[in-house]
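Please take these sequences and the hints and turn them into a complete structure.
Protein chains in written order, with my numbering: chain A, 48 to 351; chain B, 50 to 123; chain C, 5 to 403.
Calculated directly from the structure, the hints in this document are not laboratory data. Hints may contain errors.
Stated by the list, open to error - The calculated lysine-lysine pairs, modelled on DSSO-like cross-linking and capped at a C-alpha distance of 27 angstroms, are:
#  : chain 1 : residue 1 : chain 2 : residue 2
1  : A       : Lys194    : C       : Lys375
2  : B       : Lys119    : C       : Lys371
3  : C       : Lys397    : C       : Lys371
4  : C       : Lys14     : C       : Lys183
5  : C       : Lys321    : C       : Lys247
6  : C       : Lys154    : C       : Lys200
7  : A       : Lys54     : A       : Lys197
8  : C       : Lys321    : C       : Lys311
9  : A       : Lys194    : C       : Lys371
10 : B       : Lys119    : A       : Lys194
11 : C       : Lys351    : B       : Lys119
12 : C       : Lys163    : B       : Lys119
13 : B       : Lys119    : C       : Lys14
Claimed, not checked - Computed Cβ-Cβ distance ranges for the label pairs, DEER-style:
#  : chain 1 : residue 1 : chain 2 : residue 2 : range
14 : A       : Gly136    : C       : Phe58     : 43 to 53 angstroms
15 : B       : Lys119    : A       : Ser280    : 15 to 25 angstroms
16 : C       : Ala159    : A       : Lys341    : 43 to 53 angstroms
Ideal Cβ placement from N, Cα and C applies to all residues, glycine included.
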Amino acid sequence: MGVLVHKDFTFIVQGITGREALNFTRECLEYGSKIVGGVTPGRGGREVYGVPVYDTVREITTTRKVDGSVVTVPLAFAPDAAFEAVDAGIRLIVIITEGIPRRDAAAIIEYADLRGARVIGPNCLGIIVPDVCRFGSLGGPAVDCRKAFKPGVVGVMSRSGGMTTEICNALSTAGLGESTAISIGGDPVIGSTYAELMPLFEADADTKAIVIYSEPGGTAEAELARWAKENKSRLPIVAFVAGRFMDDMPGMSFGHAGTVVETKVDSPADKIRRMREAGIAVADEIGDIPRLVKDRIEAAAARG
Amino acid sequence: MAMFIRVDIEDDVVRKTPGLAKKLVEVCPVNIFKLGSAEGTAETVEENVDECTLCDLCMQASPEGVRVVKLYES
Amino acid sequence: MRFYESEAKKLLAKHGIAPVPGKLAINAADAERIASELGGAVVLKAQVISPAAFKAGAVRTAANASEAKQAADALLRLDDGGRRPQGILVEQRIAGACSIAFTYDGTRKRPVMAASTSAGSIERIADEHPDRVVRRHFSALLPFSDYLAKELVNALGWKGAESTALTPVVSRLAQLFLKYDLTQLEVTLGKLDDGKLAAVDCRADMEVEGRRRQKAVLEELGIRVDDSRAVREPTPFEVEAAKIDVEDPRGVAGPVVEFDGNIGLVIGAGGGSLTLTDAVRRHGGRPANYAALGGNPSVKKAARLTKLILSKPGVEKIAVMSNVVSNTRADLVARGVIKAVTELGFKPAEKIAIFRVPGAWEADAFKILEKYGVEYCDRTVSISEAAKRAVDKIGKIGR
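Shown next as structure tokens:
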């Protein structure tokens, strides 16, 4: 099971001939994913690790079923590539490209909404259902990917791509494993927030708990806290809030474009308070996450 | 100066194959090789040797002529 | 990227929204002259961008020209994050009739505008009196249509001629908010004697990621490409790190951050750096500084950054840690940090408290670390545990 992707999930890679795209295309194929085509304008007719390359998305979608697309084209062409994928009828689009201005991100997401498509990202690494499908560049080489991600019961959503692997590795080491891991993206405007993805996990029989990784900035944690209060979810949620030291240094920006403390309202301390009030367990240390998840799953089982 | 990697070049072997020295210069992604002063030979660029990514492209180009040694394994 | 108010007002004027009467003064005498030309009470605003400078009081009022001179004199001495104010905006004192703010709503994923007839910043009004703020989301995909502005003005309770005067102003503001890749635009409008609306206060931020395609307007405003508009001037430490990053394109160096402790941190970038710094502090450690390593840096780059971290007085040991890596190569990082430490004349086994970079090429990294006797751990040791081990070796707060 798992959410969003499955074993027969087919996808394409837009920007497949780029340096990083070549890497993760090979990694996904080695992992067992079904990549049915790639797109790079002007490179149609070539092949990349056996995957045919086309000039347009529509050349692929008119001949076969395409469930998703990974957009990893250079910044200046990224919005166009996303519009092209949505317009060709693709329903799930992972945008890896970093640095897309939020006006463009908002426009892409609005167009996807109008056409019934879902966007993950931008500035994310994609989705993994362990041992079933890898959709994007999460986890690195297939051999490393299999070490970090194991089939299991935890739904993981993270604003940091690198920390998605770290957290899943910890959950796998603890024997919990993941039902699905989603790198949702670090930007202020992203296609799918924690709260929007919760109903999918709620409906997934494999998922028994949720772990989220959050960073300074944005409103996604407040939205999740509100969701948790309003919906009597069967799923316990454990959160980790990074960047607490930034509460001592407002106005500084770190790492991701999205992690800018713009107002006191969104400080890490406020996020923690809001989520705890909503019954979400907030781990003080990253190493506490597996134990908290186990405790919460047991408590939920005891309640019946 | 290199602490982690040593690259041994067999001059006699490299010289025997025309164009091999040039190929070594080309395949290395981190510029470890440069053309030697003697015709048809290659030399290492000492300050780049530790950048070696162990991609093996040089050894594939000349299995007899080049050896990359991981000093941390000796 | 924050605009100075004088620049933001130029942007508005370009789109037919006039500022209240006033001018930019370059010194106190200039301010006095402008105030006397304007006549009556004036407002003086130091052109600053750092939150600290605003907090210290960047706005003063004056009843007459000589008061204006005194006020300007004081304002020009403000510290704007290591810079001096870029002049003083001297304006006629006019009461605000309404405030309008634009930003992006991360929950709805749409641009949103909010308006209020209460005085002050919309953010504060929304916090204290949520009922006094009206909102309307709009589209970043479709062209902005005037009816959206009309609906907002209607919700604000403005009627008749007032409404028809305000609607086009709101509409123009929304359009320029989108056009110039602004992330935040807040304008207070006041009524001039002739009844026309004019911009009393204005705050605008352009998205850094949008700067590249906004070259034309930035040039028009006289903003240089290398003017980062950071909230403060970069430190020598940051300048050096930026230099290292530019000189070697492999991998990403930075950001770097300074604290006042004794542990130097060479750590994974992005979320990893936030988590690791928190973890060290949580275990009682005192970071002296950190440098984030992202992508797949060369040995040289890792070595130069490590040397930079060690160059700070008071750094006793360094901890090299990251989240499980997939792109960064653990062996190249190990080579880089050991090289740096050795070249500075230290013993890696003593200077490196712990090395925790699990993932790509870790087997080679472990061999290197073993050879030099550096304590390391693999992916079975959590970030928290690794941070704790580092702190235990180096010493906690107060020891």
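Verification of the supplied hints:
1. Only pairs whose Cα atoms come within 27 angstroms are accepted, and A/Lys194 paired with C/Lys375 is accepted, the gap being roughly 26 angstroms.
2. Restraint check: the Cα-Cα separation between B/Lys119 and C/Lys371 comes to about 10 angstroms, which is no more than 27 angstroms; the hinted pair holds.
3. The suggested pairing of C/Lys397 with C/Lys371 holds, with an alpha-carbon distance near 22 angstroms, which does not exceed 27 angstroms.
4. Using a Cα cut-off of 27 angstroms, the hinted pair C/Lys14 and C/Lys183 holds, with the two alpha carbons roughly 15 angstroms apart.
5. Using a Cα cut-off of 27 angstroms, the hinted pair C/Lys321 and C/Lys247 holds, with the two alpha carbons roughly 24 angstroms apart.
6. Pair hint C/Lys154 plus C/Lys200 holds up; C-alpha atoms about 18 angstroms apart against a cutoff of 27 angstroms.
7. Pair hint A/Lys54 plus A/Lys197 holds up; C-alpha atoms about 15 angstroms apart against a cutoff of 27 angstroms.
8. For the given pair, C/Lys321 sits about 12 angstroms from C/Lys311 by alpha-carbon distance, which is consistent with the 27 angstroms threshold.
9. Straight-line distance between C-alpha atoms of A/Lys194 and C/Lys371 comes to about 20 angstroms, which keeps the hinted pair within the 27 angstroms bound.
10. Of the pairs offered as hints, the one joining B/Lys119 and A/Lys194 holds, with about 26 angstroms between alpha carbons and a cut-off of 27 angstroms not exceeded.
11. Proximity of C/Lys351 to B/Lys119 is assessed by CA-CA distance (about 21 angstroms); at most 27 angstroms being required, the pair is judged to hold.
12. A threshold of 27 angstroms between alpha carbons decides the hint, and for C/Lys163 with B/Lys119 the separation of about 80 angstroms lies outside it, so the pair is violated.
13. For the hint pairing B/Lys119 with C/Lys14, the CA-to-CA distance comes to about 62 angstroms; that exceeds 27 angstroms, so the pair is violated.
14. Checked against the hint of 43 to 53 angstroms, the C-beta distance between A/Gly136 and C/Phe58 comes to roughly 50 angstroms, which is consistent with it.
15. Here the CB-CB span from B/Lys119 to A/Ser280 is close to 52 angstroms, at odds with the stated 15 to 25 angstroms.
16. The beta-carbon spacing between C/Ala159 and A/Lys341, approximately 50 angstroms, falls within the hinted interval of 43 to 53 angstroms.
When each numbered hint is compared with the structure, violations occur for hints 12, 13, 15.
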